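**Q** Each chain, written out:
2 protein chains.
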Amino acid sequence: MIHSDEKSLPEKLSDGIVKYILKEQLQPGDRLPNESVLAEQLGAGRSSVREAIKLLASRNIVTVRQGSGTYVSARPGVVEDPLGFTFIQDKRKLAEDLLEIRFLLEPAIAAWAAAYATEEEIGRIRKLCDETEQLLKAGKDHTEKDVEFHTAISMSSKNLVVPRLTPVIHSAVPLFIDLTKSALRRETIDTHREITEAIAAHDAVRAQDAMYLHLVYNRRLIRTADTLHSGDSL
Amino acid sequence: MIHSDEKSLPEKLSDGIVKYILKEQLQPGDRLPNESVLAEQLGAGRSSVREAIKLLASRNIVTVRQGSGTYVSARPGVVEDPLGFTFIQDKRKLAEDLLEIRFLLEPAIAAWAAAYATEEEIGRIRKLCDETEQLLKAGKDHTEKDVEFHTAISMSSKNLVVPRLTPVIHSAVPLFIDLTKSALRRETIDTHREITEAIAAHDAVRAQDAMYLHLVYNRRLIRTADTLHSGDSL
Numbered sequence: 001m002i003h004s005d006e007k008s009l010p011e012k013l014s015d016g017i018v019k020y021i022l023k024e025q026l027q028p029g030d031r032l033p034n035e036s037v038l039a040e041q042l043g044a045g046r047s048s049v050r051e052a053i054k055l056l057a058s059r060n061i062v063t064v065r066q067g068s069g070t071y072v073s074a075r076p077g078v079v080e081d082p083l084g085f086t087f088i089q090d091k092r093k094l095a096e097d098l099l100e101i102r103f104l105l106e107p108a109i110a111a112w113a114a115a116y117a118t119e120e121e122i123g124r125i126r127k128l129c130d131e132t133e134q135l136l137k138a139g140k141d142h143t144e145k146d147v148e149f150h151t152a153i154s155m156s157s158k159n160l161v162v163p164r165l166t167p168v169i170h171s172a173v174p175l176f177i178d179l180t181k182s183a184l185r186r187e188t189i190d191t192h193r194e195i196t197e198a199i200a201a202h203d204a205v206r207a208q209d210a211m212y213l214h215l216v217y218n219r220r221l222i223r224t225a226d227t228l229h230s231g232d233s234l
Numbered sequence: 001m002i003h004s005d006e007k008s009l010p011e012k013l014s015d016g017i018v019k020y021i022l023k024e025q026l027q028p029g030d031r032l033p034n035e036s037v038l039a040e041q042l043g044a045g046r047s048s049v050r051e052a053i054k055l056l057a058s059r060n061i062v063t064v065r066q067g068s069g070t071y072v073s074a075r076p077g078v079v080e081d082p083l084g085f086t087f088i089q090d091k092r093k094l095a096e097d098l099l100e101i102r103f104l105l106e107p108a109i110a111a112w113a114a115a116y117a118t119e120e121e122i123g124r125i126r127k128l129c130d131e132t133e134q135l136l137k138a139g140k141d142h143t144e145k146d147v148e149f150h151t152a153i154s155m156s157s158k159n160l161v162v163p164r165l166t167p168v169i170h171s172a173v174p175l176f177i178d179l180t181k182s183a184l185r186r187e188t189i190d191t192h193r194e195i196t197e198a199i200a201a202h203d204a205v206r207a208q209d210a211m212y213l214h215l216v217y218n219r220r221l222i223r224t225a226d227t228l229h230s231g232d233s234l
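One line per chain: the protein sequences are A and B, in this order.
Using full-length UniProt numbering, you'd call the opening residue of the first sequence number 1 and step up by one each time.
Using full-length UniProt numbering, you'd call the opening residue of the second sequence number 1 and step up by one each time.
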């Protein structure tokens, strides 16, 4: 445990609940037993179990729905800002450094997607490509759809780690660039389309190269973005 | 906020404390004001502030030392298992997939380290290389020192993201391989040494190649490790 010198009772109980989720092979969306059942199973008081559940909710392992119950989260254990970028002061350098990481990862991921994507996954990638294009053409904020597009590509890579990593390394650009004002509209539309069609054609080299192109345009944008606002918080 | 349908008061207060840490530019190890001061600043009751601090501790943003106070954590916001690997059932595929990610990232990181490492950083990398070697020779568990060695290389890459990512992608191998019984002792010692000397000589290509070699040995180990125990929990 890295976050505390010694474990409190609720922390120990939250570890117990994680073990329970794993043992029972509960899946995202599955409901946990109620407080009193958990309290009995763990041999603890209900108020301590309630504390433990709050800790698990803050780590996005469970989601508490008022009046309904406690459920395993959609992507359990993947927290908001898992690498603590909030606490990096120099957001510009952070955005540049995240893009360097994207250069290392994403061309290979695009190639894997071209190799392994199913027809259903290709349909989803194409739909997100269309939706992002529409937002871009309308001059609206496409950040969220953009991350969904790249995450869909990651999912079809069949690597278990990649879809969990993609949203993290994509948190960079909106940190200090107002993308709705971006001069990069045409290049983003074209390279997204090319990545999509290369994956659909199962052409790994073309997918990889289209992704390199996409990242080069992004790097140019970041390097020339001095005139845009430089946000200093997430 | 991805982890809850609606924010509770302690959640809102914990966001307030994060803003305070950022505004006051508190650094790792810095002490936060006590509960009553925070309660006054945030216009909330002490018990709600106490709840908020517990949430921040569970996200490793602060560390509570009994009888001493609340401090900004050493690596604030970087939680244990930030990508939720605990909840991936197939630990063998997870280890293989993490190694694929290491292939994409670490040769480039080694090259950056060769380009940018200071004399002090080279000294630290060499010390960790020596310590890992001693543990390997003694047949002891070297996992922790090994991660420290690779993290030290990451630190000297000067990329802000890399040192936060390295411990995460290194959590793989010990998941299902008992490294103390590893047949890879000689190869690990030799490739670690070669990486270290290449960085010390500021030879980026040699550092990159030594890292590739290191990863190839690791991949061979993972692929032939069927006979070792296959742990099913973190």
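Be aware that a few hints might be false.
One copy or two, either will do: identical chains are not told apart, so a pair holds if it fits within one copy or between any two.
Stated by the list, open to error - Listed below are the simulated BS3-like cross-link pairs for lysine-lysine, each with C-alpha atoms no more than 25 Å apart in a straight line:
#1 12 with 54
#2 91 with 19
#3 12 with 23
#4 19 with 140
Source of the hints: derived by calculation from the structure; they are not laboratory data.
All values derive from a computational prediction rather than experimental measurement.
**Q** Could you work out which of the previously given hints the structure breaks and list their numbers from low to high?
**A** Of the numbered hints, just 4 does not hold.
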